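Asker: From just these sequences and the hints, can you work out the full model?
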Amino acid sequence: MVCAGTGCVSCGSLQLRERLEAELKDRGLADEVKVVITGCNGFCAEGPIMVVYPEGIFYKKLTPEDVPFLVEEHFLKGRPVQKFLYTGPIVKEKVPLLKDIPFFEHQVLRALRNRGLIDAENIDEYIARDGYAALSKVLSSMKPEEVIQEVKTSGLRGRGGAGFPTGQKWEEGRRYDSFPKFVICNGDEGDPGAFMDRSVLEADPHSVLEGITICGYAIDAHQGYVYVRAEYPLAIHRLNIAIEQARNYGLLGKDILGSGFDFDIGIYPGAGAFVCGESTALMYSLEGKRGMPRIKPPRSTEAGLWSQPTVLNNVETFANVPPILLKGGQWFASLGTEGSKGTKVFALTGTVQNVGLIEVPMGTTLRKIVFDIGGGISDKREFKAIQIGGPSGACLPSSLLDLEVDFDSLDDAGAMMGSGGLVAMNDSTCMVDTARFFTDFSVDESCGKCVPCRVGLKVMLNILNRITTGQGTMEDIDLLEQLGKHIKSSSHCGLGKSAPNPVLSTIRYFRNEYEAHIKEKRCPALVCTSLIKFRVDPEKCKMCGLCKKACPMEAITWEKKTPAVINVEKCIRCRSCIQACKFTAIE
Amino acid sequence: MAKLTVDDLKRIKEEVRSSTVLREGGFRAKVNIHMGTCGIAAGARKLMAVVLKEIEEEKVKDVMVTTSGCAGLCSREPMATVEILGKPPVKYCDLNEERMKEIFVKHVLNGEIVEAYALARGSETTY
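Sequence order for the protein chains is A and B. The opening position of the first sequence corresponds to residue 1 in the working numbering, with each subsequent residue numbered one higher. The opening position of the second sequence corresponds to residue 1001 in the working numbering, with each subsequent residue numbered one higher.
Hints listed in this document are in silico derivations from the structure and should not be mistaken for laboratory results. One or more hints might be untrue.
As the list claims (entries may be wrong) - Heads up, simulated SDA-like pairs for lysine to any residue below, C-alpha to C-alpha not over 25 Å straight-line:
| hint | chain 1 | residue 1 | chain 2 | residue 2 |
| --- | --- | --- | --- | --- |
| 1 | B | Lys1053 | A | Glu121 |
| 2 | B | Lys1101 | B | Thr1037 |
| 3 | A | Lys99 | B | Glu1115 |
| 4 | B | Lys1087 | A | Arg129 |
Quick caveat, the model's predicted, so the values are computed rather than measured.
Answerer: Here it is as structure tokens:
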């Protein structure tokens, strides 16, 4: 039924009808489809209008030029044409509640309890949200031993990566009778893709200061330091403001809250060495020496900064402390798994829809993190792996998506909690290349003190370079595994001990990709450029010309209705064509 | 400045609490711009400039403007939260200067939520 009310006629419904009848006749459909002229159906604004029965499909704003396509699609193939469909007035969608949005729904905010709610540069707003209430409770009504006991009850483990029980560390720090003692907050967040500490320091610096001060009271220290990497200027700026405000209020300095307890905090910007995130190296750096780890024991709790007893915790660990003292260790331990209590903050990045900072209870599955909170993989691609823990961590495959994340389960999977970087990877990621990237990072950042890390990693990198350029042998895989094991067992510090993890985990879970690189000289994800032929498969090529448009070197010849051809002489192997091709026709 | 006592701390808490929940602070609305590194990189400072300019031009006296850190959804920055007295706060995302201005005029001044840019109503539950 074509509307022929005045409104529709004036915008061309009669021409539309003529064209429609002609087209139907051409296609031999004149007997099956009857064209009826109707009076105004009242929807003149969207005219010319046409309604197709028996389905009652409502088309709008048609022109005679649309008719051939419409007839072919709808009447011949039986597919209503979406782009002409009338979709109803834009339904007034109600703005959903925050707690109904999956990204927020599955999060539990403890360390990030003030995120987005308070002005980081205004101490009063922190106080209004129970800020410094824990400190006031501790100083006025708890003995240091009771504070330590509460932290032990909570089951809080160090959020910097290794997961050492915080209460136990504080207890050791208190045990040694050598003064002065120190508290250090490690904010030297160096993992690629991690930004948890930065966000906490920027959004809620006082929660960290309060945690440090409580720790100072517990171990009988009077000086704390926050070691922040110099690449975080905003975090340093806000910390400075926060410290100044706390001093003005007497929440730092002499006789805090009239309790007789003295404590002050200084900031030390790190110069950007990854190794300075290692606790002993960090302390040397703070002393003004070259940042290099030393052999433990003695532990830092016995002989740390300037060889005095020192408790060092991560930013997130300290941010968790005030609520534990305020609400009790039992409360904190009510969430989480057997061995890992509370929540963990992750920086979720990579190829997920929702990139951001999340906090979830320990024991949340990777699937929930990637697909519910992260909203799944972006650009309609497939999930391939999730990288957890940065250069010390591992790449876990989709078969481990139901892994409940905590310190122990990750250890078993050959990964590591690390500081909490989560990088989702899609099917266009080459796992061998990823392992090579992280090994390259570790080689760059190795301090060079011990042989396994300094030399061993370099050898691993050379082997990986061989494999990604098509010169690998099957023995190389065994050699990588052997080397990795030795580096893990004989390196000085935690960074060396964990640096082979990216390689070992990718061999464990993606061995077939290593084999494809070695045996077939092929990179399945088309990342390693030496192994790409840069040849268009004429069978797969849909002759769309997108590759030609993408090529910066004009190395592709293509004309309409002929498959594209790449001129290998001109090609600089930049992969622009591969990224542009929607049909995986380039191999 | 005089050093605080435990009681002072409680007093500040009560005072600030009442002023930030709008009512007793004499404010009718609050605009909170999320200014973590992610927000600033995405243009939060420009939003702030727009809001301040509007307030000055319209001679608005009862709107509080404040900042805070990252709201968590870094990929949708810049973000802002608008709260009108007696209503749940509304979070807006993927903003720019024009959108911020539209939100200011429609939502802050006239109480009408701009649904096109709104992400959600309400606050996150914290421990």
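Asker: Indicate, hint by hint, whether the structure satisfies it.
Answerer: Quick rundown of the hints versus the structure:
1. Taking the CA atoms of B:Lys1053 and A:Glu121, the gap is near 22 Å; set against the 25 Å cutoff, the hint holds.
2. Simply put, B:Lys1101 and B:Thr1037 have alpha-carbon atoms about 22 Å apart, close enough for the 25 Å limit, and the pair holds.
3. Note on A:Lys99 and B:Glu1115: the hinted pairing holds, with a Cα-Cα distance of about 17 Å set against a maximum of 25 Å.
4. Proximity of B:Lys1087 to A:Arg129 is assessed by CA-CA distance (about 20 Å); at most 25 Å being required, the pair is judged to hold.
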